[in-house]
Amino acid sequence: MLSVNESLTRIRGMILRYLYLHRRSVSRTLEIIFWPVMELFVWGFLTVYLRAISQGEVSQFIVYLIGAMIFWDLLYRAQQGVSISIVEEIWTQNIANLFVSPLRIWEWMTATFIYSFFKILLIMTLLSLIALGLYHFNFFGSVGFYLIPLAANLFIFGWLLGIATSGLLIRWGHAVEALIWGIPFLVQPFSAIFYPLSILPVWIQKIALFLPSTYVFEGMRQIIQQGNLQPGFILPAFLLNGVYFLLSVLFFALMLSRSRATGRLGRLGMD
Amino acid sequence: MSPSPESVLIATRNLTKSFPDANALDSLTMRLQRGEVVGLLGPNGAGKTTALHILLGLLSPTSGGVTVFGLSPIRDRAKISKRINFSSAYVQLPSNLKVRENLKIFSMIYNVPNPARKIDFLLELFEIGHLKNRLTGALSSGEKTRLNLCKALLNDPELLLLDEPTASLDPEVAERVRLILKKIQKERAMGIIYTSHNMAEVEQICDRILFLHRGKTITEGTPADIMRHFNSRSLEQVFIKIVRGGDVICE
Ligand SMILES: Nc1ncnc2c1ncn2[C@@H]1O[C@H](COP(=O)(O)OP(=O)(O)OP(=O)(O)O)[C@@H](O)[C@H]1O
Ligand SMILES: [Mg+2]
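These protein sequence lines are chains A and B, in that order.
For the first sequence, counting from 1, position 261 maps to 350 in this note's numbering; every step adds exactly one.
For the second sequence, counting from 1, position 90 maps to 91 in this note's numbering; every step adds exactly one.
So here's chain A without its partners, still in its complex pose (with noise of 0.2 Å):
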């Protein structure tokens, strides 16, 4: 067989694998939804309740406030479809039989990818769908075309984030799992998501512009103000994610040789 032949084969073995799992376990299916939705529902009663006490001004912040909820949503889906299936397989004590079989790294995260991908759009469309019905904020409308260079920074810096979260979690075993809720977080308040990037004391600011996240929410709020963006104004954005893919397979090449060295490797899921 072909070697590109056998990688598909391998990856759709593992996208399977993650198929089969939801197909398993209702409570795991229903909480994708379940978390965005119960979110979207606090933001978005609060937006209303601020509209209802304000006038004028407030109600484009209200908009952009639903906007950064779902875009947040979807930058951390993406961290945590990688990390999840990493931990997953520390939990089964799977992951051995993995990392001795074929499968290679690249196939693994791949499938990740992939299997992260659709699971997004998913929640992304109903987001979308329950923020029109019950606050008539059509996201589709006012973000447009640009939805798709926006969101697909955010997905891709997710998922850099999430392989990076999985190196640590191959390093340290369960000792981080709580990381794979925290380390989102961690990029938060520095990406200006609810509010604008020049509040922010200047030197946060320094750091905000090496988030990719940071170019992708101003950039949302651009759109629903002004209508357009400038061509180039999600370039770095592209840029970072692209020095950020180096760096976060670099680190997980790293953390995994530590693993092999310090024998955590052989031993995940069993501490």
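No lab work stands behind these hints, which were simulated from the structure alone.
Just so you know, even glycine gets a beta-carbon here, dropped at the ideal spot from N, CA and C.
Among the hints, a few may not be true.
What the hints assert, rightly or not - Listed below are the simulated SDA-like cross-link pairs for lysine to any residue, each with C-alpha atoms no more than 20 Å apart in a straight line:
no. : chain 1 : residue 1 : chain 2 : residue 2
1   : B       : 133       : A       : 135
2   : B       : 105       : A       : 96
3   : B       : 99        : A       : 104
4   : B       : 83        : A       : 92
5   : B       : 99        : A       : 110
6   : B       : 80        : A       : 187
7   : B       : 99        : A       : 180
8   : B       : 187       : B       : 7
9   : B       : 83        : A       : 180
10  : B       : 184       : B       : 35
What the hints assert, rightly or not - Chain B stretches covered by chain A per the calculated footprint, using a threshold of three residues with CB under 8 Å from any CB of chain A:
no. : region
11  : 75-86
12  : 93-103
13  : 204-216
With chain A's structure known, arrange chain B with the ligands on it following the hints.
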């Protein structure tokens, strides 16, 4: 007569692994030929699992040389992994998937031709065909052990590393599993490294034994040779002699 390079499955030279507070493996030099079954024996903490993990590319050695099929376990993982497999009492298939689903996924990962036939064949071989649609987590530990062996044979490995594979089998099933393994091993001239604390089983299945204690190789040879050398009637006696007099033997 020196063996041809293709017939050497494993070769290690002064293979050493030190952890901050333990010398897990100390200068292991060994070979495994095609068609040979070698037992790694030794008390708890002797370094058996450490040796297997190095061979599987899960652990990097501190010093010394190791090749599997003449290749480096970590650097050449992509080439080696297709031809090797393992089963360990400490590694499981995902409990939240069905038996059939787990084997299907691993047959895709190993690019097994005709996977459905292979899976049925292996399940029947280990007499767990009736558990095909059961959740893996619902199996008894002995049934899980046999499922792990099915996974380990999916890719018709040339080299099989087994870490206490019969640890949770009842004596009667353990006996049958040994016979099955031995039969497949003979048919395919498979090389096997086998660790176990059951001396009778080791005597039955292994052509050669390597006895480790505190990471060091204490003795090596056929079961008969070793028993003669230690002037004992069973490997169990040898085991006890070595462990009780361990400090004397290691100097
Ligand atoms: N990752 C690790 N970090 C530190 N020490 C380790 C690690 N892995 C193994 N050791 C130590 O190395 C020694 C050999 O362990 P190993 O697991 O190889 O023993 P074993 O022969 O397989 O024992 P058992 O029969 O109990 O399975 C032990 O003293 C163990 O505590
Ligand atoms: Mg062991």
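| Does residue 80 (chain B) pair with residue 187 (chain A) here, judged by a C-alpha cut-off of 20 Å? | Holds, at about 15 Å.
| Satisfaction of hint between residue 135 (chain A) and residue 133 (chain B), Cα-Cα up to 20 Å | With Cα atoms ~51 Å apart, residue 133 (chain B) and residue 135 (chain A) exceed 20 Å; violated.
| field | Outcome, coverage hint (the region 75-86 of chain B, chain A; C-beta under 8 Å; three residues) | value | holds (count 6)
| Satisfaction of hint between residue 35 (chain B) and residue 184 (chain B), Cα-Cα up to 20 Å | 15 Å, holds
| query | Taken at face value, is the distance from the CA of residue 7 (chain B) to the CA of residue 187 (chain B) at most 20 Å? | reply | 18 Å, holds
| Are there at least three residues in the region 204-216 of chain B whose beta carbon sits under 8 Å from a beta carbon of chain A? | Coverage by chain A is violated for the region 204-216 of chain B (0 residues, Cβ < 8 Å).
| request: Decide if the proposed pair is consistent with the structure: residue 83 (chain B) and residue 180 (chain A), CA atoms, cutoff 20 Å inclusive. | output: Given pair residue 83 (chain B), residue 180 (chain A) is violated - Cα atoms ~25 Å apart, limit 20 Å.
| Is the straight-line distance between the alpha-carbon of residue 99 (chain B) and that of residue 110 (chain A) 20 Å or less? | Since the Cα atoms of residue 99 (chain B) and residue 110 (chain A) sit roughly 10 Å apart, the hinted pair holds (cutoff 20 Å).
| task | Given the hint that residue 83 (chain B) pairs with residue 92 (chain A), test it: the Cα-Cα distance must not exceed 20 Å. | result | Measuring from Cα to Cα gives roughly 12 Å; hence the hint holds.
| Is the straight-line distance between the alpha-carbon of residue 99 (chain B) and that of residue 104 (chain A) 20 Å or less? | 16 Å, holds
| Given pair status - residue 180 (chain A), residue 99 (chain B), alpha carbons within 20 Å | 17 Å, holds
| query | Can the region 93-103 of chain B be counted as covered by chain A under the rule of three residues or more with Cβ-Cβ separation shorter than 8 Å? | reply | holds (count 8)
Checked against the numbered hints above, the structure breaks hints 1, 9 and 13 and satisfies the rest.
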